[in-house]
Amino acid sequence: MVFVEGTFRDVLIKVRDMVHTGYELISHPLFASSRMMFSPYRTVVLGSKRDVSPQIECQIIEDSIISYDKLTARRNPQPEHNGDYAKVDLSLYEATLEEISMLRSSHTV
Amino acid sequence: MRLEHNLIYIKDVVLGDVNKVEDGVLTVDVEGLKAAVMTDDKVKDVKVDLAKPGERTRIVPVKDVIEPRFRVGRTNGFPGVTTKYEQAGDGVVNILKGAAIVTIGDMVGFQEGVIDMWGEGALWTPFSKTFNIVVDITPIDGLDPHQHEVVVRLAGLRASTFVGLAAENAAIDETKVYEIGTMAEEEAKYPDLPKVLYVQMNIAQGLLHDTFFYGVDLKEIIPTWFHPFEELDNAVISGNCVAACDKITTYQHQNNALTYDLYEQHGKTINFIGNIFSPELTTLDGKFRNCDYCAKLCHQLGANGVIVSEEGYGNPDSDLVMICSRLEKRGIKTALVTDECSGWDGTSQPLTDTAPEAVAVVSSGNVSKVIDLEPADKVLGNIKSAQTLAGGWDGCVAEDGSLKVELNAVIGATSEIGYHNASVKLY
Chain C
1 MVFVEGTFRD VLIKVRDMVH TGYELISHPL FASSRMMFSP YRTVVLGSKR DVSPQIECQI
61 IEDSIISYDK LTARRNPQPE HNGDYAKVDL SLYEATLEEI SMLRSSHTV
Chain U
110 MRLEHNLIYI KDVVLGDVNK VEDGVLTVDV EGLKAAVMTD DKVKDVKVDL AKPGERTRIV
170 PVKDVIEPRF RVGRTNGFPG VTTKYEQAGD GVVNILKGAA IVTIGDMVGF QEGVIDMWGE
230 GALWTPFSKT FNIVVDITPI DGLDPHQHEV VVRLAGLRAS TFVGLAAENA AIDETKVYEI
290 GTMAEEEAKY PDLPKVLYVQ MNIAQGLLHD TFFYGVDLKE IIPTWFHPFE ELDNAVISGN
350 CVAACDKITT YQHQNNALTY DLYEQHGKTI NFIGNIFSPE LTTLDGKFRN CDYCAKLCHQ
410 LGANGVIVSE EGYGNPDSDL VMICSRLEKR GIKTALVTDE CSGWDGTSQP LTDTAPEAVA
470 VVSSGNVSKV IDLEPADKVL GNIKSAQTLA GGWDGCVAED GSLKVELNAV IGATSEIGYH
530 NASVKLY
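If you read the protein sequences in the order shown, they are chains C and U. Taking the numbering used here, the leading residue of the first sequence gets 1, the next gets one more, and so forth. Taking the numbering used here, the leading residue of the second sequence gets 110, the next gets one more, and so forth.
Think of the hints as simulated: they come from the structure by calculation, not from any bench. On a predicted model such as this, the values are computed, not experimentally measured, just so you know. The beta-carbon is built from N, C-alpha and C at its ideal position, and this holds for glycine as well. Warning: the hint list may mix true and false statements.
Straight-line C-alpha distance at most 25 Å; calculated DSS-like pairs for lysine-lysine [claimed, not checked]:
| no. | chain 1 | residue 1 | chain 2 | residue 2 |
| --- | --- | --- | --- | --- |
| 1 | U | Lys-156 | U | Lys-238 |
| 2 | C | Lys-87 | U | Lys-493 |
| 3 | U | Lys-513 | C | Lys-70 |
| 4 | C | Lys-87 | U | Lys-238 |
These stretches of chain C come out as covered by chain U in the derived footprint (C-beta under 8 Å, 3 or more residues) [unchecked claim]:
| no. | stretch |
| --- | --- |
| 5 | 5–13 |
| 6 | 18–31 |
| 7 | 34–44 |
| 8 | 58–69 |
Using the sequences and the hints, build the whole thing.
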């Protein structure tokens, strides 16, 4: 577990650095709705380190940073909503873990 | 399948003590409606208001919009959700056309979703033209956001079914009949027409980001082929709350504009062979699996062409272009329908992801476009949510109280299934 003390963007940069050094990108770095782009929190699931990451994973994290910058360029933080953003991020992270479980763990002994 | 839509055109709505339609005026039994919503013991209170086209009324934050209907001679409601499961898509539906149930529920403080019934805001949402029965639901204390969302979602469905009872014996203004036989029958009728499938991508990711088919959570399915009429007959409902401009409300599922348009061309320019759900998951493995499976289904069904619509923005862009690449590589011509996030001036790269195969793309609008919302005389919902709408940037609240907001915040402003107001102007 890596905790990034910083913004959503700082999380994306950390994910980029780790993916480029071989860590598997398991969950997509972005949310599915533009409003959630303004969340100060983002949980991204990474896997184990390999020798090299496939191009698609590098491309997804790079494109995500470009997209994030574009959407949030003019936004000021709205700290009054931080608690709710944290709740939704946590809930979507739990759903991601369930998705991973359905994809993989159901068939492990 | 054969689906009959009996349309009852609504020209006004009033609150009363019985559900009925007379001369186009819908009367809603307001106490009965409240009682129908309060059958859930997790609902603490419910308020009912009306919002009519042209009034200086703002509704915010909107949870869902639902069309009130009466399913004739069948279970009346949403199969697998508010009623026992029943096959949808085959039968008769009486529809209060021009009326809508709008549910309000602020599960989280940053929730958007505005409908302005007048002014510039009204230009951008199709639900400024409907006579809206606004149902404001307060749940009991102590519910978590998951439970709150379920309570408001189901309350809206029950409300629409209750109001829809007015359609049971109302005079029918127009009947539209939709009929498509089996694939073999249609191919025999139209052997020379290209076979076209419609792939509908739906957000399926968890809290405030879900879609249901016969009550089944789309997160839990692999892409599946279904009959276009099932969606037009209450089989699909929305559990989305935070992608106001490009989420597909339940109303838009009930009236999927792409399905209507494809049906209109069926037997003329194309052979419309059905719809496919492709759930938008959160993991890359999940996305690869669904995109591959979706392309395989289209190939196996013999599609010559496919239309793909997206829901939401951000990680679903990856699914959209991956489906497109996989289809084109199999020799299937593919057109995409998506909105774009191309900055305030509209000049930035519009999608998160791109692919060289994605050359036929229809834009349903720029979610970042800034519009002005004048001060409202009446706000239905949460005044704090109205303030949250303002974009959170310098200068977004003017001295006269008007707000600058991005289209992001407006319900249905850039609908990626085409049920919206934005269009293209040629110069």
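Hint by hint, here is what the structure shows:
1. U:Lys-156 x U:Lys-238: 22 Å, holds
2. C:Lys-87 x U:Lys-493: 19 Å, holds
3. U:Lys-513 x C:Lys-70: 18 Å, holds
4. C:Lys-87 x U:Lys-238: With Cα atoms ~35 Å apart, Lys-87 (chain C) and Lys-238 (chain U) exceed 25 Å; violated.
5. 5–13: violated (count 0)
6. 18–31: Coverage by chain U holds for the stretch 18–31 of chain C (7 residues, Cβ < 8 Å).
7. 34–44: holds (count 5)
8. 58–69: Answer holds; 6 residues pass the 8 Å Cβ test.
Violated hints for the displayed structure, listed by number in ascending order: 4 and 5.
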